[in-house]
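Asks: Residue numbers (the numbering used here), protein chains in the order written: chain F, 101 to 319; chain W, 11 to 217.
Careful, some of the hints might be misleading.
[To be verified] Think about it this way: if two alpha-carbon atoms lie no more than 27 Å apart in a straight line, the pair counts; the simulated DSSO-like pairs of lysine-lysine are:
#: 1; chain 1: F; residue 1: K233; chain 2: F; residue 2: K201
#: 2; chain 1: W; residue 1: K58; chain 2: F; residue 2: K233
#: 3; chain 1: W; residue 1: K137; chain 2: F; residue 2: K181
#: 4; chain 1: W; residue 1: K137; chain 2: F; residue 2: K233
#: 5; chain 1: W; residue 1: K41; chain 2: F; residue 2: K201
#: 6; chain 1: W; residue 1: K137; chain 2: W; residue 2: K211
#: 7; chain 1: W; residue 1: K58; chain 2: F; residue 2: K214
FYI, nobody ran anything at the bench for these hints, they're computed from the structure.
Spelled out from the first residue to the last, the chains are:
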Amino acid sequence: MNGAQDMGGMHGFGPVVPEPNEPVFHAEWEKRAFALTLAMGMPGGWNIDQSRFARENRDPAEYLSMSYYQIWFAALEAMLKERALVAEDEIAAGHSLHQAKPVQRVLSPADVLKVLHRGGPTERNTNTTPAFKPGDKVRAKNINPLTHTRLPRYVRGRIGCIDRIIGFHVYPDSNATGAGEKPQWLYNVTFSGRELWGPDGDPTTKVSVDAWEPYLDPV
Amino acid sequence: MAHDHSHDHDHSELSETQLRVRALETVLTEKGYVDPAALDLLIETYEKKVGPRNGARVVARAWADPAYRARLFKDATPAIAELGYAGRQGEHIVALENTPKLHNMVVCTLCSCYPWPVLGLPPVWYKSAPYRSRAVADPRGVLADFGVNLPKDTEIHIWDSTSEIRYLVVPMRPAGTDGWSEERLASLVTRDSMIGTGLPKSPGDVR
Chain F
101 MNGAQDMGGM
111 HGFGPVVPEP
121 NEPVFHAEWE
131 KRAFALTLAM
141 GMPGGWNIDQ
151 SRFARENRDP
161 AEYLSMSYYQ
171 IWFAALEAML
181 KERALVAEDE
191 IAAGHSLHQA
201 KPVQRVLSPA
211 DVLKVLHRGG
221 PTERNTNTTP
231 AFKPGDKVRA
241 KNINPLTHTR
251 LPRYVRGRIG
261 CIDRIIGFHV
271 YPDSNATGAG
281 EKPQWLYNVT
291 FSGRELWGPD
301 GDPTTKVSVD
311 AWEPYLDPV
Chain W
11 MAHDHSHDHD
21 HSELSETQLR
31 VRALETVLTE
41 KGYVDPAALD
51 LLIETYEKKV
61 GPRNGARVVA
71 RAWADPAYRA
81 RLFKDATPAI
91 AELGYAGRQG
101 EHIVALENTP
111 KLHNMVVCTL
121 CSCYPWPVLG
131 LPPVWYKSAP
141 YRSRAVADPR
151 GVLADFGVNL
161 PKDTEIHIWD
171 STSEIRYLVV
181 PMRPAGTDGW
191 SEERLASLVT
201 RDSMIGTGLP
211 KSPGDVR
């Protein structure tokens, strides 16, 4: 979706302000919101692309006014309610009021490190061959789906070069809608600063994105 | 991100969030969906154990051991796993080599993708609108915000983390470090130098 999350090239946000000796978390609730989000992945049954869409799928003004963990927490609430795992009256009451739905698995303390160490690799096997090879010129498609996509607006319609075939990976545009992983070939595609930003671009810079085959047209 | 909020407003908004987070944790615990001890362990892991010291060890080894360096640039994920770092948000890692002619810098314009096993959780600025918006269009301006000014003929390569590939910048080894142990070398490697918004410390900084 063309939401506020797709920020590449926007103006007006001001300078980057690093915080010296920044703590990992800035408040107790951030820790809990972070851990709840990670722990609910298993019983919640959603995938990473559905989580990302739940975070970005909101009014741009709201998105920009929230801190990052507020966005995470809002997405967690939304996904729990969508799946009827939690209801608003329960959050208001601060207690469970309805019977729990059966869930596949709950994260136990004994499993935490194992689960983190395993992660969620997205590379899949295939017997297909990639359509593009390193050195090929490609144009990023001009697509504007209302649903989740990982093709940023600032490269759409622009011509880049295939630098590397990364592999055959889960396709977020499909996975985020619950329509399955539908893995696709994934490429590293590089664009010159001038191609992306015209005469305002810095000719000594280039930008790479990782782009799935359905995002690309041959040139 | 909102600059026009008064402090009072910020505080009341925060306490509201705080209450809601606490309420949701209670609900999820009562329903048996989460085990609070697992939450504590998740927090402890990312607050105390997983952080940029991991990445610094990887970089220091790449500086000290040419065979390791070759393995790291050929396929970073198994090379990094040799040091015990792997998993969530680092399932597929690519190492990027800085040279006198090329400087690499990593961003996630669409969210906050970051190589957790080697750098830990991202700092606020990495997730912020100023960084995500400007890194791809004005990298030299962003570097200036960090006090970094590269020679004009150094090419800057920005890597926008749009897939599950995570990028780790391997900065250039500072001069004057011949014969240093890996541990000593690691003390020069800053978090920002592995994102590409900073440079390693020089030997004089750590003496």
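Asks: Tell me if the straight-line CA distance from W/K137 to F/K181 falls inside 27 Å.
Replies: Status holds; Cα separation ~26 Å.
Asks: Between F/K233 and F/K201, does the CA-CA distance stay at or below 27 Å?
Replies: This hinted pair is violated, its Cα atoms lying about 48 Å apart.
Asks: Hey, W/K58 versus F/K214, does the alpha-carbon distance stay inside 27 Å?
Replies: 17 Å, holds
Asks: Would you mind confirming whether the straight-line C-alpha gap from W/K58 to F/K233 stays at or under 27 Å?
Replies: Judged against 27 Å, a Cα distance of about 43 Å means the pair is violated.
Asks: Is the Cα-Cα distance between W/K137 and W/K211 27 Å or less?
Replies: Holds: W/K137 and W/K211 sit about 24 Å apart, inside 27 Å.
Asks: Sort out whether F/K201 lies within 27 Å of W/K41, counting only the CA atoms.
Replies: 8 Å, holds
Asks: Just to be careful, I want the Cα atoms of W/K137 and F/K233 compared with a cutoff of 27 Å; is the pair within it?
Replies: 33 Å, violated
Hint compliance for this structure: hints 1, 2 and 4 are broken, all remaining hints hold.
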